[in-house]
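Chemist: Kindly produce the complete structure, drawing on both the sequences and the hints.
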Amino acid sequence: GIQVEQSPPDLILQEGANSTLRCNFSDSVNNLQWFHQNPWGQLINLFYIPSGTKQNGRLSATTVATERYSLLYISSSQTTDSGVYFCAVDNFNAGGTSYGKLTFGQGTILTVHP
Amino acid sequence: DTGVSQNPRHKITKRGQNVTFRCDPISEHNRLYWYRQTLGQGPEFLTYFQNEAQLEKSRLLSDRFSAERPKGSFSTLEIQRTEQGDSAMYLCASSSDRQQFFGPGTRLTVL
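Chains A and B supply the protein sequences, listed in that same order. Following this note's numbering, the residues of the first sequence are numbered contiguously, the last one being 114. Following this note's numbering, the residues of the second sequence are numbered contiguously, the last one being 1111.
Misleading hints may appear alongside valid ones.
[To be verified] No farther apart than 25 Å at their CA atoms in a straight line, the calculated lysine to any residue pairs in the SDA-like style are these:
{"no.": "1", "chain 1": "B", "residue 1": "LYS1057", "chain 2": "B", "residue 2": "LEU1108"}
{"no.": "2", "chain 1": "B", "residue 1": "LYS1011", "chain 2": "A", "residue 2": "GLY41"}
{"no.": "3", "chain 1": "B", "residue 1": "LYS1057", "chain 2": "A", "residue 2": "VAL112"}
{"no.": "4", "chain 1": "B", "residue 1": "LYS1057", "chain 2": "A", "residue 2": "SER26"}
{"no.": "5", "chain 1": "B", "residue 1": "LYS1011", "chain 2": "A", "residue 2": "GLN42"}
{"no.": "6", "chain 1": "B", "residue 1": "LYS1011", "chain 2": "A", "residue 2": "TRP40"}
{"no.": "7", "chain 1": "A", "residue 1": "LYS54", "chain 2": "A", "residue 2": "VAL112"}
{"no.": "8", "chain 1": "B", "residue 1": "LYS1057", "chain 2": "B", "residue 2": "PRO1070"}
{"no.": "9", "chain 1": "B", "residue 1": "LYS1011", "chain 2": "A", "residue 2": "ILE44"}
{"no.": "10", "chain 1": "B", "residue 1": "LYS1057", "chain 2": "B", "residue 2": "PRO1104"}
{"no.": "11", "chain 1": "B", "residue 1": "LYS1057", "chain 2": "A", "residue 2": "ASN45"}
Simulated from the structure, these hints should not be mistaken for lab results. For clarity, every value in this text was computed on a predicted model and none was experimentally measured.
Modeler: This is the structure we're talking about:
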């Protein structure tokens, strides 16, 4: 199956710093999503971004599907940004049918200190 | 929009007992997914429903696991004869297209 690798595995920042999280995937995808898992375990959908660039406040994401990677940018980080960030991709079905089951990476653990 | 809800939020059971979890998706979503997450790992896909039809099951879903979505609305996940290795967070997600929205999860502890 498709492999998803995220880097770095851990990231420690001071409040106000910027950061870039990377997601590499091993095969073609037609669905890529970024999630934030807060300390209570809730997964929040940040972006649906199979290609191109999107921005939402201090967060932005870029996916270069032809080169099989995606980047999540966090600017002016806040303590509430702490948690685990997951990249997840659709296990693309070559027959054209995608059920949308997501394959997740191992995550990047982000800690933002005040 | 009330979001995806899951019940119970926590379940502690003894090995060998049966447990059942419930997921209520966002009301207009026809797709529903179950995932399992163990400590330090990303969620792993278990099964998928489109309306009431179960269209895909992971090999992770042994014959002790069964899932239903009888009227295409809420879903249940049952684990029979629980084992300690079943201890995990069980997550439900729903979608109307590709973007998936997750519930808060049910944390299962098998003693």
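Chemist: Compare the structure with each hint and give your call.
Modeler: Results for each hint:
At roughly 20 Å between alpha-carbon atoms, LYS1057/B and LEU1108/B fall within 25 Å of each other, so this suggested pair holds. Distance check on the hinted pair: LYS1011/B and GLY41/A sit about 15 Å apart at the alpha-carbon level, within 25 Å; holds. The suggested pairing of LYS1057/B with VAL112/A is violated, with an alpha-carbon distance near 38 Å, which exceeds 25 Å. Restraint check for LYS1057/B and SER26/A: satisfied, since their Cα atoms lie roughly 22 Å apart, inside the 25 Å limit.
With a C-alpha separation of about 17 Å, the suggested pair LYS1011/B and GLN42/A falls inside the 25 Å cut-off, and the hint holds. Of the pairs offered as hints, the one joining LYS1011/B and TRP40/A holds, with about 16 Å between alpha carbons and a cut-off of 25 Å not exceeded. Restraint check: the Cα-Cα separation between LYS54/A and VAL112/A comes to about 23 Å, which is no more than 25 Å; the hinted pair holds. This hinted pair checks out: LYS1057/B and PRO1070/B have alpha carbons roughly 16 Å apart, not beyond 25 Å.
A distance of roughly 23 Å separates the Cα atoms of LYS1011/B and ILE44/A; the hinted pair therefore holds under the 25 Å criterion. This hinted pair checks out: LYS1057/B and PRO1104/B have alpha carbons roughly 22 Å apart, not beyond 25 Å. Restraint check for LYS1057/B and ASN45/A: satisfied, since their Cα atoms lie roughly 23 Å apart, inside the 25 Å limit.
Checked against the numbered hints given earlier, the structure breaks only hint 3 and satisfies all the rest.
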